[in-house]
Each structure stands twice: as structure tokens, then as C-alpha cells.
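Q: Below, each chain spelled out in residue letters.
Protein chains: 2
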Amino acid sequence: MAEKSSVKLHGMWASPFALRANLALKIKGIEFEYIEEDLTNKSELLLQYNPVHKKVPVLVHNGLPIAESLVILEYIDETWTDPPHLLPKDPYERSKLRFWVAFFQPVFDLMRKALVTEGEAQQNTIRELLEKLDVAEEGMKEIFPNGVPSFLEDVKPGYLDIVFYSLFGTQEAAGEFFGVKFIKPERYPLLVSWIEALNQVPEVQEVTPPKAKMMGFFQFLRQKYLPPKA
Amino acid sequence: MAEKSSVKLHGMWASPFALRANLALKIKGIEFEYIEEDLTNKSELLLQYNPVHKKVPVLVHNGLPIAESLVILEYIDETWTDPPHLLPKDPYERSKLRFWVAFFQPVFDLMRKALVTEGEAQQNTIRELLEKLDVAEEGMKEIFPNGVPSFLEDVKPGYLDIVFYSLFGTQEAAGEFFGVKFIKPERYPLLVSWIEALNQVPEVQEVTPPKAKMMGFFQFLRQKYLPPKA
Chain X
1 MAEKSSVKLH
11 GMWASPFALR
21 ANLALKIKGI
31 EFEYIEEDLT
41 NKSELLLQYN
51 PVHKKVPVLV
61 HNGLPIAESL
71 VILEYIDETW
81 TDPPHLLPKD
91 PYERSKLRFW
101 VAFFQPVFDL
111 MRKALVTEGE
121 AQQNTIRELL
131 EKLDVAEEGM
141 KEIFPNGVPS
151 FLEDVKPGYL
161 DIVFYSLFGT
171 QEAAGEFFGV
181 KFIKPERYPL
191 LVSWIEALNQ
201 VPEVQEVTPP
211 KAKMMGFFQF
221 LRQKYLPPKA
Chain F
1 MAEKSSVKLH
11 GMWASPFALR
21 ANLALKIKGI
31 EFEYIEEDLT
41 NKSELLLQYN
51 PVHKKVPVLV
61 HNGLPIAESL
71 VILEYIDETW
81 TDPPHLLPKD
91 PYERSKLRFW
101 VAFFQPVFDL
111 MRKALVTEGE
121 AQQNTIRELL
131 EKLDVAEEGM
141 KEIFPNGVPS
151 FLEDVKPGYL
161 DIVFYSLFGT
171 QEAAGEFFGV
181 KFIKPERYPL
191 LVSWIEALNQ
201 VPEVQEVTPP
211 KAKMMGFFQF
221 LRQKYLPPKA
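Chains as they are written, first to last, in UniProt numbering: chain X, 1 to 230; chain F, 1 to 230.
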């Protein structure tokens, strides 16, 4: 066990990237201080710790800053080596999880793009998004050959679960906001059961923003970034 | 030590991503069979091994396929644990290298965009590229506090060196092709000395395409992707 150490996380409640770090620390049972950043008025510390991107999340461990959410997840797993482990030991199993984490990121970018487009551009983006989700639905059959585990009984959520949830855990709020649910159980039974299983986990519930608050945030983003009508 | 194992790499000579895997295997001293793919007529094996992206590189280790270049680098380092190591042991040092690897990827995307744009769009892209390289020049001072090492005497190239070289090692060919060198020694002394130090490494020389061949490839890309004039 590490000696008493100082762990701080600079985050922002609606950031899926900050959620990853937050959730990983909770799952590992690491005590930490959470610092909520106002992204319209970033703290001096955030700018000092992440001068390159000036973004959350930043994990500060005994004064040393680590930025980039995926880098933070690997750091957490390599630094606090007691179980639960975020990544399995076997290099091939690790490589499969890392492959799908890399896959999901651009899928989320499509969801974000759908949020700030309209008309045909939005329809095309949504179509592409759904096709990528088809690939994910198929791919997850290999990751979960026996179906999605009950995280309450079997295992703690790990690296891929955390990243997937950070990107698509708010899909119900997104669905209500758009008036159309992207990840429908008819088309994506495995992905839906995965989200539902994760929704039961106490650590997940602790880091998930209330749906109404999230919908307000989507509205804010759409008003801010949707190009004005010609 | 692993028993006699089968290692195959599906690559394509001009792919910076395949170059990473190729170079990492050579640096680690791992015997492998290299399979050159014709990307206009991909092999059945490539499609079978990487059905999601259908792209090189794919590493096949004892019949198990691993795709995505960064995933492959981590797999190599975790599977063949004898030195040289691609990543250091210390989690914080690892996190710094991973941070910069994540930084360099979109910088390369800008370079690729500059290749297939013209006029003002190209000028804006190049300006953005140079500003990102300014950030990298500054950031690498922390990575190399004593200057870039002589890889021939001190250390083997590792994870960050390999990724950086894969993206910017062809910059001389790119400079001649564009008629303007992006990474000039006046503005980026550390980055230039880094490329020069890597250029001396026998394994790097083995995987680097001849300059004239690379320039022909740039010409092919530009003709293929540059939008026709209005």
C-alpha cells in the first residue's frame, strides 16, 4: 500500500472525460479531493497543471499533474496496484479493451456532432452514428461471450466499461433531448443491457449527473455551437 | 523468455502507423514475418484480422490479431518483457510519454490536411501546424532535460520516439515536396535534433522509405484527395 498521499481531481460535472477519472478513483476506492472547475473562468491551478490543453480532467498526485483521461486511467491502474484492476493482466485481453476504447471515441464525436447540426447534416451524422453502434453491438459479443456481467455480483467496472459509460451513459438524457433514443434495445440489446447493468453500480450513480441537469447542458451546448440560420 | 512463437505483421510501406509496429519489433529484436498489403486490394487475412477498420497495421501473434498501432506498441512491450523497454517502469514517466503521444497525433492530421488543401485553407492549416509544433518544442524540453540522447550510445528509441518518428520522420521528403520545410532548425532546434538522432539508428534506417519514393506517394495522395478546382 502507498503511504498517505495527496490525490486531487480537477473536473467539471458535465465532462465525460472528467467522469472517467472520477469513476475510476471511486471504483479503486482511492480517497481524493474533487475540485469543480468553472470552464468559463478556469482556475490558475488548472492552467498551471495542464498548460498544453487547459482542460479537465487533471489528476494531481502528490503534486504531480497528469492530464488526458485515458492517460489518467492507465496511471491510476499502474499506481494503485491493489484490486480491483481496471485492466486485466493478460496482454492480449488488455489489447482488446484498448482497441474498443479507441473505437468508441470517434463514435462519441458523432453523437456530439449530431447535437450541434440540423436537417440533412444531422440526419447523416445520426445514420453514421447508428452504423458505428451496430459494429460495437457485434464487437461486444466477443468481449462479453456470456452476456454483460452483473457488476454488483461478479466484477467491478473496468477500463472499457468506464469509457463506454462516460460516452453513452447519458444517452437517456440525450434521447429525451433529441426526442429520439439512439441506443434502442431492439437494435442494440447488448449495449442497452450494458448501460443498464452499469446504472446499478453505486459508484456509477454517484458520478452521474441528474437527467434534467444534463438536458439543460445539452440545450446550452446546442445554443452555443449551432451555426445561426442562413 | 517466450517459446518459439509466430509473429507476423501486416503493413504497408508508406503507412506511418505500420512503421511504428515495424520499428518497435525491430528495436525489441523480435523475429517476425512482414506481409506487405496492397491497400487497393486488401488480403483476405487482413479483412479477417481487422474486420472493424480493415486497416494496417495488424500484428498477428500465435494466430491472435492485434490492431491499432498504439495498442500494438503497448502489446509488444507487455508481451516481450526483456529490455529494451518501450515504456519506462515508473507510472508518472509513462503518463508523460502517453500524454505527448496523444498530443502528436492531431498535429500529424494537420500535416496531412496541408497536403490536400490549397491557398488560404492550406496556409491556415500550416499556421496551426507550426503553432502546435511550438508547443511540442517547448514540451520536449521537459522530456529531454539534458537534450536529445544519442540513441546509438545511451538508449534505444522508445514509445514516444517511435510515434514521433513515424509522424515526422518523413518531414524532409514532405519539405521538398511542398517546397517549404515545416520543422526548421531555427524555430524547432530540439525537434530537429531529435529527428536527426533517430535518423542515425540502424533500425530506423531499415524501416524508412527512400525519400524519392515517399515524395511520389505524397504526389499520389495529393492528386487523389485534392478537391477539383471550381
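Heads up, a few of these hints could be off.
Below, simulated BS3-like cross-link-like pairs (lysine-lysine); rule was C-alpha separation at most 27 Å, straight line [unchecked claim]:
id : chain 1 : residue 1 : chain 2 : residue 2
1  : X       : K55       : F       : K141
2  : X       : K224      : X       : K181
3  : X       : K54       : F       : K113
4  : X       : K55       : F       : K113
If you are wondering where the hints come from, they were derived from the structure by calculation, not from laboratory data. In this text the structure is predicted, and so the values were computed from the model without any measurement.
Q: Tell me, in ascending order, the numbers of any earlier hints that this structure violates.
A: Those not satisfied: there are none.
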